[in-house]
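Top to bottom, those sequences are chains V and U. Number 143 marks the last residue of the first sequence (the UniProt record's numbering); no jumps. Number 514 marks the last residue of the second sequence (the UniProt record's numbering); no jumps.
One thing to keep in mind: the hints can contain errors.
What the hints assert, rightly or not - Listed next, the stretches of chain U that the computed footprint assigns to chain V, with coverage defined by at least 3 CB atoms under 8 Å from CB atoms of chain V: (1) 173-184; (2) 212-222; (3) 331-340; (4) 414-420; (5) 454-461.
If you are wondering where the hints come from, they were derived from the structure by calculation, not from laboratory data. We put the beta carbon where it would ideally sit given N, CA and C, even for glycine.
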Amino acid sequence: MSDRIFGGIGLVLAIFFAWQAAIIQESFLTDAVGPKVFPWIIAAVMGISSLWFLLKPDPDPDWPRAGRLAEIAMAALVMVAYALALPELGFVIATAIAAAYLTWRLGSRPLESIAIGVGTSLGIYVIFRLILGLSLARGPLGF
Amino acid sequence: MDTLANLADGFAVALTFQNLGLALMGCFLGTIMGALPGLGPSNGVAILIPLGFTLGLGPTPSLILLTSVYFGAMYGGRISSILLNIPGDEPAMMTCLDGYPMAQKGRAGEALALSGVASFVGAFFATWGLVLLAPQLVKVALLFGPAEYFALFTLAFATLGGISATNQAKSAFAAALGLGLAMVGVDTQTGVPRFTFGEVHLYDGIDFLVAIVGLFALSEVFVFLEHRGTDRDISTKPKVQIGRIIPPWSLIRSCIPTMGRTTILGFIAGVLPGAGASLGSFISYTMEKRLVDRDKTFGTGDPRGVAAPEAGNNAAAGGALVPMLALGVPGSGTTAVLLAVLLALNVTPGPLLFTNNPDVVWGLIAALFIGNFMLLAMNIPMVGLFTRVLLVPPRILMPIVAMISFVGIYGISGSSFDLLVMVGFGVLGWVLRKLDVPLVPVILGTLLGNEMEVNFRRAVEIANGDYGVLVGSPLSIGLWSIAVVGFVLPILFGARLKRRMRIPEDSEGGLTRD
Chain V
1 MSDRIFGGIG LVLAIFFAWQ AAIIQESFLT DAVGPKVFPW IIAAVMGISS LWFLLKPDPD
61 PDWPRAGRLA EIAMAALVMV AYALALPELG FVIATAIAAA YLTWRLGSRP LESIAIGVGT
121 SLGIYVIFRL ILGLSLARGP LGF
Chain U
1 MDTLANLADG FAVALTFQNL GLALMGCFLG TIMGALPGLG PSNGVAILIP LGFTLGLGPT
61 PSLILLTSVY FGAMYGGRIS SILLNIPGDE PAMMTCLDGY PMAQKGRAGE ALALSGVASF
121 VGAFFATWGL VLLAPQLVKV ALLFGPAEYF ALFTLAFATL GGISATNQAK SAFAAALGLG
181 LAMVGVDTQT GVPRFTFGEV HLYDGIDFLV AIVGLFALSE VFVFLEHRGT DRDISTKPKV
241 QIGRIIPPWS LIRSCIPTMG RTTILGFIAG VLPGAGASLG SFISYTMEKR LVDRDKTFGT
301 GDPRGVAAPE AGNNAAAGGA LVPMLALGVP GSGTTAVLLA VLLALNVTPG PLLFTNNPDV
361 VWGLIAALFI GNFMLLAMNI PMVGLFTRVL LVPPRILMPI VAMISFVGIY GISGSSFDLL
421 VMVGFGVLGW VLRKLDVPLV PVILGTLLGN EMEVNFRRAV EIANGDYGVL VGSPLSIGLW
481 SIAVVGFVLP ILFGARLKRR MRIPEDSEGG LTRD
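Work out the full structure: start from the sequences and follow the hints.
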């Protein structure tokens, strides 16, 4: 079943891709092939392979239960929030929070998580900023 | 003798303090990454690319650092195979078969040392193979025109799933997805924007480093979240005693013929497109089993069963560098990531690399020789250190991996937009792995997409719009036929081979595929 849904999405994607390729604004100075042909070939490959597993699906993978799916979605959301918060909060604070959340969800106890989060953040800051001199995000506090 | 002179120049490049230091650091980090289950060579190298980049290293030092990581990871993969019966990466899968039984008999130290020696033999002679074969391949590659290159790229995609691929439709889909992503951005030939939806950030195209780190490293974090607390959780395995670390000479001597044969076999498997290190170690093991297993001791802790796959997979790792350096077309996941390093540093791989940047190529090769000795030193007397690394639980390790990924990407661009795209790729990578879609073709597609299109268009342009030129020379017809055979063969034999390769333990969805 999963493969059929996946095939359907792939097919839609291929059609969308081909359509987007078709509306590429061509410049008046163009080569013999033009900017559209190669994307069309790609769309064709994508469409045919999608059609293949739409018609001949593999057995379903073991999807995790809803709780676990929510877990993964939450982790992705935390990472998104982290990406957005990085310039606002600065590297050390944002990283400590995100790392603490991740290690907590991977099975650390709450207090331990805070320690691991702070440790990870400071460790990376020391190695990458102070020793290697990489530019990390600076927040209002300067770190 | 030309080759030897070049090699000497290479040693002059590699023997600076900075490069030696980087090789040492790369070997050390690589061994750790290889040893840790869930961090294979490809994602190990992937999370370190941005690092080399933002440190402002030049092409040669960066490549030395990252190939050392690659070789280190190939060495390190065996450690967890032997001690925990969990392959640290996919090529180390076969090492579990005899390595773990040896460890259970209290001979873990011997198994580690022997496999260290076997890894060294495989990698060392494969580096010689690289020295001898790559320049020859360059001569062939110089005959290639755009049409042949287009065929060659197609060949790389067609065979990438490897002979063990179960579903070629999914490999094809993955390749198309990657190529499609590469199309985003301003068209290099005519300057018109494609698939950008008016978003300025997309005009430059999607940075393949962002895609690689997201697909490889972040998706791994999601996999660990998914499997926490289930029987696939690895933090609950019992510990094994290591025992003596120095193997008796008689043990090594008894394995010499095995190592010799499997090194050659592994190297060939590495050079061939689509085979790679996993297959290298698999055929090495099976062949040795057929040849020398008279007393049916393979699978019960036979030292030769430890030496064979290790020599095989390390030789294959060296062999896989041949097409990557000489043709600019990688045959495996990790070499694809190494190709990304070259592209990110504005070095064009392929035959011209040998004439335009001989310092890069030969410096790298010399560094590999030096790195092999460093790895031998690290992996025999100091192996105890690395076994301790295995005690770091994933719950601490994975957040660190995630955070370092963010640091690396942010260090390059300093924009939150790239980080968001990376998270997107992380989720996409997880979904694709669940659906058994290989990730390596996606990466290769984003890397090679533009180059492939340029060659396609150039070929047709030169022939005044005649598409027949694509199959116009014997060389390109040959490449196309290999591509077709390589694509169809797994459909006929793939399922059977895959079943046999899965015997020890199924590693997750082809991510750590060498």
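These are the hints, each one checked on the structure:
1. Figure legend: the region 173-184 of chain U, annotated as covered by chain V; annotation consistent (7 residues with Cβ-Cβ distances under 8 Å, at least 3 required).
2. Using a Cβ-Cβ cut-off of 8 Å, 3 residues of the region 212-222 of chain U lie near chain V, which meets the minimum of three, so the contact claim holds.
3. Residues of the region 331-340 of chain U lying with their CB closer than 8 Å to a CB of chain V number 0, which falls below the three-residue condition for coverage.
4. With a cut-off of 8 Å between beta carbons, the region 414-420 of chain U has 4 residues touching chain V; three or more are needed, and the interface restraint holds.
5. For the region 454-461 of chain U, the stated coverage by chain V is satisfied: 4 residues place a CB nearer than 8 Å to a CB of that chain, which reaches the threshold of 3.
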